[in-house]
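Starting from the known structure of chain Z, fit chain V onto it as the hints suggest.
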Amino acid sequence: MKFTLSWLKEYLETDANLDKISQTLTAIGLEVEEIIDRREELAPFTVAEVLEAEQHPNADRLRVCKVNNGSEILQIVCGAPNARAGIKVALASVGVEIPTNGLKIKKSKIRDIESCGMLCSADELGIGSDAAGIIELPEDAVVGQPFASFVGADDPLIEIAITPNRGDCLGVYGIARDLAAAGLGTLKSEGVTTEEFQEVLDDGTFASDITVSIENAPKCSFFIGRTIKNVKNGESPEWLKRRLESVGLRPISALVDITNYITMCFGRPSHVYDAGKLTGNLVVRDAKDGEEIAALDDKNYSLKEGMTVIADDKGPVAIGGIIGGAETGCEAETTDIFLEVALFDAIATAQTGRLLQIDSDARYRFERGVAASTLKHFMTITRLINEICGGDNSTPVVAGSIPMERRSLEFDLGSIKQKLGVDITREEVEKFLTSLGFELEDKGDQLLVKIPSWRPDVAIAEDIVEEVARLYGYDNIPTVMLDKNIGDGQALSAEIAKLYQIKQSLAARGMREVTSYSFMPRKHAELFAEDVTLVELANPISQDLSTMRPSILPNLIAAISSNAARGYADLALFEVGPIFHGDTPDAQFRVASGVRVGGAHAKDHYGDVRKVDVFDVKADALAVLSDYVKVDNLRVSREVPSYYHPGRSGALCLGKNAVAYFGELHPAVAKQLDIGMDVMCFEVYVHKAPAPKAKKSAARAKLELSNYQAVARDFAFLVDEKTEVADILASVQKVDRNLIREVLLFDVYQGKGVEEGKKSVAINITLQAQDRTLVDADIEAIASKVIANVEKATGGVLRG
Amino acid sequence: MSELTQLRDEAQAAIAQASDLQSLDQVRVNFLGKSGVISSKMKTLGSLPPEERKTVGADLNRLKGEVAKAIESSKAALELAALNARLQEEVIDVTAPVRAENEGSIHPISQVIDEVVAIFAKQGFVVEQGPEIEDDFHNFTALNIPESHPARQMHDTFYFPEDDEGNRKLLRTHTSSVQIRAMKDKKPPFRMICPGRTYRCDSDITHSPMFHQIEGLFIDKNIHMGHLKGCLTEFVQTFFGIDEVPVRFRPSFFPFTEPSAEMDIGYVREKGEFKLGKGKDGSHDWMEILGCGMVHPNVLKNVGIDPEDYQGFAFGVGIERIAMLKYGIADLRTFFEGDVRWLKHYGF
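Sequence lines, in order, name chains Z and V. Take the first sequence: its letters are residues 1 to 800, numbered as in the numbering used here. Take the second sequence: its letters are residues 801 to 1148, numbered as in the numbering used here.
Just chain Z, with the same shape it has in the complex (with noise of 0.2 Å):
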């Protein structure tokens, strides 16, 4: 909401500074945006009027001016082709700057000529885009004083940011209001004749040939109108056209510039109807499906049913609280007029605006809901018709009724100090409602409290005392510490904090976090939603974010790819964060990803790098899921989404549940994803992973360490190819539980000496007794079992 500083004193007495409106204003919630105040940079710029204005001898385009500042006649030179003599102009003299571009006028000569000072245009000042040529003042402006208020240029712009709730400082009237309960002043009349119905009722010396009514009550609840005849439009005086462009609304002819005078002034938005162009009465009612209308902006709407639309006989003439019909427009020739002042829901008008897409003034008003108070409105703006255009006024034409009924609420006055904990006195309190136009009738310790009809907010005794609080200052309201004592500070939940845990234990294996957006493109998606209802967005802010992610890997893999093309090519990132799998609450969980691709590490002069490979992932997921499980517990399976290399990826298992996946990304994928490097990716599913125990006893088990010596045998087995290594190590660890501590993978082996389909895989044992330091013959006995487990287990033989 824009206004100038003069236009709030129209209906504010103070003698308040700029700076103090501007702190109260933000300070009663009406917060301060910008604001803009010339007057100081422009005080330099003076009044003159040019005497004579001669061809420059030496240059076509130039002329030399005299020119009476007040004081002397100065010689300028100036290049405009408006400079002539008789007109009045903005002065720069010597040694003034130009605002826009910090040029400091000198006497000078140029061609030949001297010149002492500027004739400035206003795109130079800054106060119009007119740069072709100078400002010519108006006739009444006197020489040697200020220029700017001559063209409004000394009123300060103020614009305030309104909350949806404000409506009624949706005019400058309501912020005057608000600065004067706020104790800035003194509220000025709103100079309205009358608002008695009967006298509005009588008001007029014909009857209206335009008759109104209502068939959708309530969504439209009142209307009144009236024709005005012979009246003349035309150009507003310059007192007009000044205040609306003083807020950057343009001016079009003097009865559309009144009505947007006043939905500015009052908040209350009203339409004029070229009366010779309507056919027939009005009538207030539901669109049909379909129906058309031309709007004042030039576009063309077609209405749905439910929609509200004044119509004439041949069909909608204006959207109600929206916009008027182009077609039944006031024009410069237009004589006869027929007024509209109502009262439109807030709902309705808020939907209907929402699917045409129109954002107007009017809209905006009656969304956050216009003051029922139509009829004081309805005669200020007859009258300023008449005062401007002058007319015949007939008596006005009504429907529907108006919301007489004042709102009302008892109201505890002890809930003042129970919701903002610091006593106000019962007098302070009055005399804030009461300056906000509230009404108050005294019910012992409560207050019956009459609502102002322009303030629709207000609804319960909380509303009261935001009123209150607001005027008496939040900044006023004592500050209380909170009791640090409460609670065992442990804001966790166990299994948010293993969250926290294994982003930790990623960092720590070298990877960067990152966060993603929670969708990508559809493609993407779908590449990694085998078994997975993708959920996908109604309103997308574009295609490439229109699906919610089945998977984190695109992105991390987006991110690879666009710090590749940096140059960055060896990378280990991870997310912790959601995927969805559908859109209950219970198909959306936290996933842990990540990705590496390259180098092991950067390069460096000890060795050859290492690329990355399937079981640096593997380490990365068995790295996460042991802070849920013992790593132990966890079977490798080959049953891996499709996306997924088959033969170079695993799940990792508990019990028949996969709660993690490791690998190399799919050849094929890669290629759709159009990433050229080998990527391995592993995703753990943590909430597959059992739930933490809240208050697991931190006690571990008892630790035996044996004082006897422990003896490492190696064993080479013979094995087909196809055999997994975990099948070899679990037979061999099955073999005795006490006495086997560790068993160890330290070779394998395909090639010369081994015979084709076979493997040779190597493992060391290490044996330890709790009680004794074991002998050949237990050495034996448990080897001979050994062999004799794996190749029960696997086929495999001993390697001689």
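Heads up, some of the hints might be wrong.
[Stated by the list, open to error] Derived lysine-lysine pairs resembling BS3-like cross-links, with alpha carbons at most 27 Å apart:
no.: 1; chain 1: Z; residue 1: K484; chain 2: V; residue 2: K1021
no.: 2; chain 1: Z; residue 1: K484; chain 2: V; residue 2: K987
no.: 3; chain 1: V; residue 1: K843; chain 2: Z; residue 2: K417
no.: 4; chain 1: Z; residue 1: K758; chain 2: Z; residue 2: K722
no.: 5; chain 1: V; residue 1: K984; chain 2: Z; residue 2: K688
If you're looking for bench data, these hints aren't it; they were derived computationally from the structure.
The following block gives chain V in isolation, referenced to the frame of chain Z:
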């Protein structure tokens, strides 16, 4: 020259000549070994007359001691020389870089959430989480934002297609929806904070379609606006590590709080440098840091809590915003780009 003197000279010469430990050891063997020169001489003592045997024996023993000592000291010298020579050899260029290792890092959003949670944990708050694809009730209706409320337009909402019954789900526009879920499930009093991803369909230099918020809620019997001011002042001062950072609260509007407020903090620009707090002369400007207010009674009613019995405050903070302010990150969009140079620079 006596035989022993000659022997001593020979030994000394041999020791002096031995230039390494191996030849020195050979000298030791030659002179002191079991069949060395001195030992052989010892063995001949028996054939000498008793008088002579005694003196020659003593002389031989002395000689043996002298030679042994000379060998020891030569050995020490040679060992030292050998060590020095080895150390001379073993010089490496320690200015060379260490073995390359991948450097991991934590994203600033995780870090800041962590920091914020820690501050509120000290004030007794616990973390709650909830789904990001929400329904209309939890995101809007329960929060006193009915359909067609102008406030719904303040939230440029991402929607999903309507289902068969005409309901459409949405991406939560704030994490207040989590508070609704938690309040429905549990009994007051509550002190909770809800960090997480939030979504608005808006994208430009200062808006990202996805961002993070922490919303907080404190509901108890007698929690009033003074507590709200205390709790949030404590948070801002601790988070930014500035005791004297000026704060102010001013009236605002949110459908789910009444009274509502926005909290501003002071900042200055000195020589083009942005700084939170006051300038040298004590002056400063204000910038908005968070929204807050007393929970609207309708919100409490919507989750089955009697607003006559309970009241309290709620607030919401943008994580990226405070991360940018605290750590001097200039561009919102860079948070989500995954540029490793950025992650290295701003990560933890």
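Results of checking the hints against the structure:
no., hint, verdict
1, Z:K484 x V:K1021, "17 Å, holds"
2, Z:K484 x V:K987, "21 Å, holds"
3, V:K843 x Z:K417, "117 Å, violated"
4, Z:K758 x Z:K722, "8 Å, holds"
5, V:K984 x Z:K688, "26 Å, holds"
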